[in-house]
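Participant: Chains as they are written, first to last, in numbering that gives the first Met the number 0: chain A, 0 to 288; chain B, 0 to 288.
Treat the hints with caution; some may be incorrect.
[Stated by the list, open to error] Partner residues aside, some chain A positions facing chain B, computed with beta carbon under 7 Å:
no., residue
1, Met-0
2, Ala-3
3, Ala-4
4, Ala-6
5, Arg-8
6, Thr-9
7, Asp-32
8, Leu-36
9, Leu-59
10, Glu-73
[As the list claims (entries may be wrong)] Computed footprint of chain B on chain A, listed as stretches where at least three residues anywhere in the stretch have a Cβ under 8 Å from a Cβ of chain B:
no., region
11, 91-98
12, 161-167
[Said to hold, decoys possible] Across the chosen pairs, the derived CB separations fall in these ranges:
no., chain 1, residue 1, chain 2, residue 2, range
13, B, Arg-276, A, Pro-96, 51 to 59 Å
14, B, Gln-108, A, Leu-107, 28 to 36 Å
15, B, Arg-8, A, Gly-42, 17 to 25 Å
16, A, Gly-91, B, Pro-205, 28 to 36 Å
17, A, Tyr-93, B, Asp-83, 28 to 36 Å
18, B, Pro-272, A, Pro-96, 49 to 57 Å
19, A, Leu-107, B, Arg-8, 15 to 23 Å
20, B, Phe-53, A, Gln-209, 58 to 66 Å
Since the hints were derived computationally from the structure, they do not count as laboratory data. Each residue gets a CB set at the ideal place from its N, CA and C atoms; glycine is no exception.
Take a look at the letters that make up each chain.
2 protein chains.
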Amino acid sequence: MALAAAAERTRRIRLTSAVSVISSDDPVRVFQDFATLDLLSGGRAEIMAGRGSFIESFPLFGFDLEDYDELFAEKLELLLAARDSTELTWSGQYRAPIDGRGVYPRPLQERLPVWVAVGGSPQSAIRTGRLGLPMALAIIGGEPARFATFAELHRRAAQEVGHPAPALSINSHGFVAETSQAAADTAYPPFATMMDRIGRERGWPPMTRQAFEASREPPGANFVGSPEQVAEKIVLQHGIFGHQRFLIQFSVGTLPHADVMSSIELFGTEVAPLVRRELDSVSENVVAP
Amino acid sequence: MALAAAAERTRRIRLTSAVSVISSDDPVRVFQDFATLDLLSGGRAEIMAGRGSFIESFPLFGFDLEDYDELFAEKLELLLAARDSTELTWSGQYRAPIDGRGVYPRPLQERLPVWVAVGGSPQSAIRTGRLGLPMALAIIGGEPARFATFAELHRRAAQEVGHPAPALSINSHGFVAETSQAAADTAYPPFATMMDRIGRERGWPPMTRQAFEASREPPGANFVGSPEQVAEKIVLQHGIFGHQRFLIQFSVGTLPHADVMSSIELFGTEVAPLVRRELDSVSENVVAP
Chain A
0 MALAAAAERT
10 RRIRLTSAVS
20 VISSDDPVRV
30 FQDFATLDLL
40 SGGRAEIMAG
50 RGSFIESFPL
60 FGFDLEDYDE
70 LFAEKLELLL
80 AARDSTELTW
90 SGQYRAPIDG
100 RGVYPRPLQE
110 RLPVWVAVGG
120 SPQSAIRTGR
130 LGLPMALAII
140 GGEPARFATF
150 AELHRRAAQE
160 VGHPAPALSI
170 NSHGFVAETS
180 QAAADTAYPP
190 FATMMDRIGR
200 ERGWPPMTRQ
210 AFEASREPPG
220 ANFVGSPEQV
230 AEKIVLQHGI
240 FGHQRFLIQF
250 SVGTLPHADV
260 MSSIELFGTE
270 VAPLVRRELD
280 SVSENVVAP
Chain B
0 MALAAAAERT
10 RRIRLTSAVS
20 VISSDDPVRV
30 FQDFATLDLL
40 SGGRAEIMAG
50 RGSFIESFPL
60 FGFDLEDYDE
70 LFAEKLELLL
80 AARDSTELTW
90 SGQYRAPIDG
100 RGVYPRPLQE
110 RLPVWVAVGG
120 SPQSAIRTGR
130 LGLPMALAII
140 GGEPARFATF
150 AELHRRAAQE
160 VGHPAPALSI
170 NSHGFVAETS
180 QAAADTAYPP
190 FATMMDRIGR
200 ERGWPPMTRQ
210 AFEASREPPG
220 ANFVGSPEQV
230 AEKIVLQHGI
240 FGHQRFLIQF
250 SVGTLPHADV
260 MSSIELFGTE
270 VAPLVRRELD
280 SVSENVVAP
């Protein structure tokens, strides 16, 4: 719903969810919704399918967490089937079979892009590669360098079954301001509030400014800083992952609207050009996002 | 999705679907989607829940048409439960039980309006009245006067269980142009094309211009004509139903965008004022829509 509203307010950006938890949804409906979004937006929709980090939707919609992985594998298969054929015949274990039914509407794009959002599961990276699908690697904590294995598993799995190398995206949290200090001072309070709120449900220790500052360092996961700092970190990670796309979520917790708008503007007018210039100089083979 | 896009383009109109077929959907998700729409639109969302005239969604989503009526009754109950409490505990026959789970987001309106869309079933009218819910009576063929029974059943059922009289809406097809002849000439070709297309699947006889012209007469179901003609028909039906709301769908089949826009404008600037003036003069008790 929010993406459809965004489709009316924007003209060029691509529209994708943080993640569509297809495991606890009906993939046919997810496809129909995004096909509608694609028509509304002139062909800018993408599906980001994932197993979900938040698991509240499983008991709410009557799914068993014990089937976490099988549910996703089966539903991803159904999603791809709905994308690839209008007349659908399908059967599986977790959803009623479909016997030659039409799935409408069809998207404007000939093939609605389906990305798989992966957190930290090697099996997920391998499955995504075997299907030849692009992977979005969510890195929102820990040391990014340790995620290189997943990128490699994805690439190799695709290669082994003869797919051309599928795209890789790194998806992280961040916030851009004119100076590093301003970025941290603005982003930290809502970040800490939200992390502690989630942490109380999940049993995490309270967030500290020290841990936050560490995550802003070059080897950390957060992209909170000045335009130069954020650009350097993207380029640094590109040396590790060789990814084709980088997605940043500009707030964790509630930030004032003007701050988010300013962060978006700095990202587009300063960070992105810096990154493009830097990567053009080190490689001829970078695929533009 | 289309309503969320409309939310961004409009400021005052209320946003409601032709019908949300909750029987073959998950009412919790329908509620969540419309709660999101309500937040996006500043409190203008409404749910129009119905059993559906088109039944293609039942086999596609794994529901049995033999359960057509029970499915709707149970899912309507769950929809109302999700509307009326954030922490939901519920169990039924056709959907996994819910054990004290939170349903989010919550709408902006204190109570998201739920209308029940009824075609031609006395049981539906009675059920809707017993629940004290407003009813939208779809009259798209036949003689409207014959639908008076449903309005009466709805009103009486509400009365019997002590509910205040719930609102009634008449929902019909139509098209407004400067002259009656222009309205008919513009609306007929796409109307016939669409009706014949549906008719081929359902075994209807081909549409004729004669039948179309008959439906435009005062005792017919279609509101195709000049502003005066359409206004007179609404007032005539008000004498039969005493309804509080009238909804018109401005095209059956594909009409040029400019014609639909012109029809909407004539409806707002000429038809509606004519109807208001006429009804103000005959009754003091009309509730504005």
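Participant: All hints are to be evaluated individually against the structure, with a verdict given for each.
Facilitator: Hint check:
A least Cβ separation of about 4 Å between A:Met-0 and chain B falls short of the 7 Å threshold, and the interface hint therefore holds. For A:Ala-3, the interface hint holds, the least distance from its beta-carbon to any beta-carbon of chain B being 4 Å, beneath 7 Å. Checking A:Ala-4 against chain B by beta carbon gives a least distance of about 5 Å; that is within 7 Å, so the hint holds. A least Cβ separation of about 6 Å between A:Ala-6 and chain B falls short of the 7 Å threshold, and the interface hint therefore holds.
At its closest, the beta carbon of A:Arg-8 sits 6 Å from a beta carbon of chain B; the interface hint therefore holds under the 7 Å criterion. Hint status for A:Thr-9: violated, given a least beta-carbon distance of 10 Å to chain B, over 7 Å. Interface hint at A:Asp-32: satisfied, since its Cβ lies 6 Å from the closest Cβ of chain B, which is below the 7 Å cut-off. For A:Leu-36, the shortest C-beta to C-beta distance to chain B is roughly 6 Å, which falls under 7 Å, so the interface hint holds.
Because the closest C-beta pair between A:Leu-59 and chain B is about 5 Å apart, less than 7 Å, the hint holds. A cut of 7 Å between beta carbons decides the hint on A:Glu-73: the least distance to chain B is about 14 Å, and the hint is violated. Against chain B, the region 91-98 of chain A contributes 5 residues with a C-beta closer than 8 Å to a partner C-beta. That satisfies the three-residue criterion, and the hint holds. Chain B is given as covering the region 161-167 of chain A, and this is violated because 0 residues of the stretch bring a CB closer than 8 Å to a CB of that chain, at least three being needed.
Separated by about 57 Å at the C-beta atoms, B:Arg-276 and A:Pro-96 satisfy the suggested range of 51 to 59 Å. Range check, B:Gln-108 to A:Leu-107: Cβ separation about 33 Å, and the 28 to 36 Å hint holds. A hinted range of 17 to 25 Å holds for the C-beta pair B:Arg-8 and A:Gly-42, which are about 19 Å apart. The hint said 28 to 36 Å for the Cβ distance between A:Gly-91 and B:Pro-205, and at roughly 41 Å that hint is violated.
The hinted range of 28 to 36 Å is satisfied by A:Tyr-93 and B:Asp-83, whose Cβ atoms lie roughly 30 Å apart. Distance hint for B:Pro-272 and A:Pro-96: a CB-CB separation of about 54 Å, consistent with the stated range 49 to 57 Å. Between A:Leu-107 and B:Arg-8 the beta carbon distance is about 19 Å. The supplied range of 15 to 23 Å therefore holds. For B:Phe-53 and A:Gln-209, the Cβ-Cβ distance of about 59 Å falls inside the hinted range of 58 to 66 Å, so the restraint holds.
This entry does not satisfy hints 6, 10, 12 and 16, going by the numbered hints stated previously.
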